[in-house]
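Protein chains: 2
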Amino acid sequence: MTYRVGFIQNQPVFGDIEANRNRITHLLEGFEADLLVLPELFTTGYQFASREEANDLAETISGPTTEFLTAFAKNKNLFIIAGLVERDGDAIYNSSLVTGPDGLIGRYRKIHLFDTEKNIFDAGDEPPPVFELGPARVGVMICFDWRFPETARSLALSNADVIAHPSNLVLPHCPQSMITRCLENRVYAITADRVGIEQRIPGETLTFIGQSQVVDPDGNVLVRASSDREESAVVEIDLAKARQKSINPANDLFRDRRVDLYRLS
Amino acid sequence: MTYRVGFIQNQPVFGDIEANRNRITHLLEGFEADLLVLPELFTTGYQFASREEANDLAETISGPTTEFLTAFAKNKNLFIIAGLVERDGDAIYNSSLVTGPDGLIGRYRKIHLFDTEKNIFDAGDEPPPVFELGPARVGVMICFDWRFPETARSLALSNADVIAHPSNLVLPHCPQSMITRCLENRVYAITADRVGIEQRIPGETLTFIGQSQVVDPDGNVLVRASSDREESAVVEIDLAKARQKSINPANDLFRDRRVDLYRLS
Chain A
0 MTYRVGFIQN
10 QPVFGDIEAN
20 RNRITHLLEG
30 FEADLLVLPE
40 LFTTGYQFAS
50 REEANDLAET
60 ISGPTTEFLT
70 AFAKNKNLFI
80 IAGLVERDGD
90 AIYNSSLVTG
100 PDGLIGRYRK
110 IHLFDTEKNI
120 FDAGDEPPPV
130 FELGPARVGV
140 MICFDWRFPE
150 TARSLALSNA
160 DVIAHPSNLV
170 LPHCPQSMIT
180 RCLENRVYAI
190 TADRVGIEQR
200 IPGETLTFIG
210 QSQVVDPDGN
220 VLVRASSDRE
230 ESAVVEIDLA
240 KARQKSINPA
250 NDLFRDRRVD
260 LYRLS
Chain B
0 MTYRVGFIQN
10 QPVFGDIEAN
20 RNRITHLLEG
30 FEADLLVLPE
40 LFTTGYQFAS
50 REEANDLAET
60 ISGPTTEFLT
70 AFAKNKNLFI
80 IAGLVERDGD
90 AIYNSSLVTG
100 PDGLIGRYRK
110 IHLFDTEKNI
120 FDAGDEPPPV
130 FELGPARVGV
140 MICFDWRFPE
150 TARSLALSNA
160 DVIAHPSNLV
170 LPHCPQSMIT
180 RCLENRVYAI
190 TADRVGIEQR
200 IPGETLTFIG
210 QSQVVDPDGN
220 VLVRASSDRE
230 ESAVVEIDLA
240 KARQKSINPA
250 NDLFRDRRVD
260 LYRLS
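Protein chains in written order, with numbering that gives the first Met the number 0: chain A, 0 to 264; chain B, 0 to 264.
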């Protein structure tokens, strides 16, 4: 059961949503896949100086960025998961939208906000979701969610084959740790990260590490992008592999869990 | 609050408990630390052809291996955590014993048995424990337990500063994944592995990967041994670092958990 998954690694210009969308159009020339993952906050940039600044760039889940991506999804017949500054009433979320050829499918609002994001965004209050996107069951988490093993675990136990992981990484550990996330859950993971530097706040220079990647359930890195260039990549994956939680005749990573003996609250 | 932790990486001769203990004595010459971790099944070797064979080499938790290590612990004034084929009535466990200058302190019976271990051992039916060993709170897990994020998480949430991890690793991923375990829980981890090859069963050659290591709560590998030599190492760690779950002014890795939104059963 093959499925083609890919990512775009971009370098947004802070605050210029239209330029950043147009740049994506350019990066997507010739892109063919079943699922495309774009970075966290891919149209706006990351380093908001205030909640008001984020609010000025926020859109509703049915806004122009969703329209833009849905048109592309129809045109290319694929599903897209992408970061969005989402406004809902007075709330602002660091969200990912999920869209496809038939229009908007859903969204996820980041539940583990990183550092000063807590001054900018409201935290999501719904579990990370899993969507049926064609033959694949795709779970969504955003960037810093990786640091909490419960996020990927919850998605995998909710039957995700693939974890789509829009990111804006500034710390070094995530690309390597996503290998552990795939090994422990036997899922695929697509981390779509950005590159470039933002220094909009004095004394706070953010260097984004790129290294967008696709990892398989055996912990193999199928593709990993550079740390400093805009790029795209597509790889073919085998969904059956992610549904096989056995690693040998005696061990099934889900059935072997000793839920009665864990202390996780 | 400094604490010196170390490991021995040995190459046991299968079934020759006395020779293996004597070898440890040799490897421990000049060893000075507060906590020593020895590999899983360090006196017996790993590849039992049958449960009967394991039973023949099994000892009670107060048996000669514990006596041997306790004498050493008294002599050197340190705590020791080490693998043992433990017999208790008709049951046989893949255990780790915990001893110190004042005698036996406790044990842990492996709860996630790997592959054909399921034909040899009974699975433990108690949660992975945490012991106060001097100023340190030390949790114990064994080898394949690493693959289940719940094990290290349970220990960390039970206030472990350090995870002692006796191992006999044959797959390649654990040393790297233990970095993730330390990053997600902000604990130290001491993986004591073995080296050498066992081919006691036709068609089943086991090559143990060594690479015993100590990792800190920031994911730094403080020391990592070779993949093919007997070795020991000691490093000084700072327990306060493991009790600080904050990674920046806004994020505390324990307080930020969204237990209400996880689906882990």
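Among the hints, erroneous ones may be present.
[Unchecked claim] The calculated DSBU-like cross-link candidates involving lysine-lysine, where the alpha carbons are at most 30 Å apart (straight line), are: (1) Lys-117/A <-> Lys-244/B; (2) Lys-240/B <-> Lys-73/B; (3) Lys-117/B <-> Lys-117/A; (4) Lys-73/A <-> Lys-244/A; (5) Lys-240/A <-> Lys-73/B; (6) Lys-117/B <-> Lys-244/A.
Please keep in mind that the hints were generated in silico from the structure rather than gathered at the bench.
Right, here's what the structure says about each hint:
no.: 1; hint: Lys-117/A <-> Lys-244/B; in the structure: 17 Å, holds
no.: 2; hint: Lys-240/B <-> Lys-73/B; in the structure: 28 Å, holds
no.: 3; hint: Lys-117/B <-> Lys-117/A; in the structure: 47 Å, violated
no.: 4; hint: Lys-73/A <-> Lys-244/A; in the structure: 34 Å, violated
no.: 5; hint: Lys-240/A <-> Lys-73/B; in the structure: 51 Å, violated
no.: 6; hint: Lys-117/B <-> Lys-244/A; in the structure: 17 Å, holds
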